[in-house]
Amino acid sequence: MNGDRFTPLQRLLHWVMALCILSMLFIGVGFASTVTPKYLPLVATHKTLGIAILVLALIRLAVRIRYGAPALPASLPEPMRLAAQLSHYALYALMIGMPLLGWGMMSAADYPVVLLGNIRLPRILPLNDTLHSVLWDAHYYLAFAFYAVILMHIAAALFHALVLRDGVFQSMAPEPARTKVAAAE
Amino acid sequence: MNRLSMKGMLGSFALIGAVVAVSAGAFAYTAGWLSPNRLTPAKLVAALAPPGGPALGHRRNHAKGICFTGEFDANSNGVELSRAQVFTRGQYPVLGRFNLGTADPDAPDSTVRIRGMGLQITTPDGDVWRSAMIDAPVFPVSTPEEFYGLLKALGSKDPDAVTNFAAAHPEFATFGGWAGKAPWTASYAEEPFNSLDAFTFTNAAGAEHAVRWSLLPQAQVIPITQSDLARLGPNYLEQEIAERVAKAPQRWTMVLTVADPGDQTSDPSKAWPTNRRTVTAGTLVVQRIEQERDGPCRDINFDPTILPRGISVSDDPFPAARSAAYARSYNLRTAEASDYPYHVKTASGAQQ
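As given, the protein sequences belong to chains A and B, one line each in that order. Counting the first sequence from 1 gives a position; the working numbering is that position plus 188. Counting the second sequence from 1 gives a position; the working numbering is that position plus 66.
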């Protein structure tokens, strides 16, 4: 593995996807609660962002396998280390799984999958009401789980940045590598 | 590593807590949980339910219906208005559903004023055009919010609720006049079906027109009184259309009505002047009737915003609201599949 930070490509992917996924989750709960004309562009944006996230997540997974991640500080207690690992597995699973669940539930309802720009995707499952229902439930409830995991992720990142100050936040911080942090603060 | 003072540590935890709390609050607000007055798809669909609750497993409105298949025979006249392949000369497969505008799948035919047609036309380029039309010439109200108000009035225990609603919504009079005076028929084949909503048609040159469409019956229309229809039996319409189509395919002419520049396109409760230009785009041919329970239309959501390239929504607010509500209805009923009567219901005492 490299030094104490993620590679610039990994950091770029992280922050672009952070923006996409947060937009995605807000658009999702937003369109589901409105009958106004903005419902349609929100749904179209949701599907488009979802496919974009799926593609980015697969790229990111490949990059992660290729370049790895900086080691967590040795000072980190074991429960926190475990929580960090599990939450990252969960985030990868959700980044890849949620778009597939959405695409699958659309397919199982025989809805044409049309993205912004009139891009049409093939259906990935046959019409089946039970399948649609199971996938829809999974997509719906996992969306809230996804947001909860993201909130924990943000809380943990801020905890590292503000309280522990152990370099974990810096490893994924958006700014380019600084010359060594000033000794005293 | 820099050490934090106790005060700095508390401040940090307070900041983290605040970030999480504000983020959770923003999410809850977006989801509508903090806005009880927001008209959500769930509220709109719930307002359709009869007093005894919805019929599980069924569409939440237009619950009584029967499937059909056939083709749309396009004559290419529509090409001047839309680049959609469905208007180029040819025959395209059709899947549809005749239905009654009621939340009760067992409602007797003569008790339901509004009849509808769900229609799907698919073309070789992969595009799908779905619509849900009714026989009324206009929609009762101007906006989805007013439709919700109408549903609340219809479900109200106050006997004057609907009268009061009509008095407060003068546009309701056009629909009310049709409902009161228009003749009934004893066949789906004798009904016109209207899009009501205006859609934007875009042709190959990029020119846009606001269009409403109608499917006009080629069968002779034979008026019947409501009481005579009642005497024919509670499910006469489905028996009749099955028998009629078994004898011969039934046809409707698709007429596209084009708005003049300046015509309003956002209010389906107001018809356009009768002298607006029309284009006859082709013929719907219904060739086969199938019972809904085993038929190909049962699990189809006739969402009117599923449109081919060359047709898009206009400033009419209803298609978006209908899309949101239909999706809600679809999600509910597909989750209730075990409640859907896949086999003919055996009425108590009746022979099966």
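It is possible that part of the hints are untrue.
What the hints assert, rightly or not - Calculated lysine to any residue pairs in the SDA-like style (CA-CA distance at most 25 angstroms, straight line): (1) B:K73 to A:I342; (2) B:K336 to B:Y406; (3) B:K109 to A:Y329; (4) A:K226 to B:A108; (5) B:K109 to A:Y328; (6) A:K226 to B:S71; (7) B:K336 to B:W244; (8) B:K218 to A:A326; (9) B:K109 to A:I342; (10) A:K226 to B:E274; (11) A:K226 to B:V228; (12) A:K226 to B:W244.
Said to hold, decoys possible - Facing chain A, a subset of chain B residues (Cβ under 10 angstroms, in silico): (13) S78; (14) A112; (15) E146; (16) R179; (17) R359; (18) G361; (19) V379; (20) A390; (21) Y396.
To be verified - According to the in silico footprint, chain A covers these stretches of chain B (three or more CB under 8 angstroms from chain A): (22) 91-98; (23) 217-225; (24) 274-281; (25) 285-294.
Since the hints were derived computationally from the structure, they do not count as laboratory data. Quick caveat, the model's predicted, so the values are computed rather than measured. Backbone N, C-alpha and C define an ideal beta-carbon position, used for all residues, glycine too.
Flag every earlier hint the structure violates by its number, smallest first. 2, 6, 8, 9, 11, 12, 14, 15, 16, 17, 18, 23, 24 and 25
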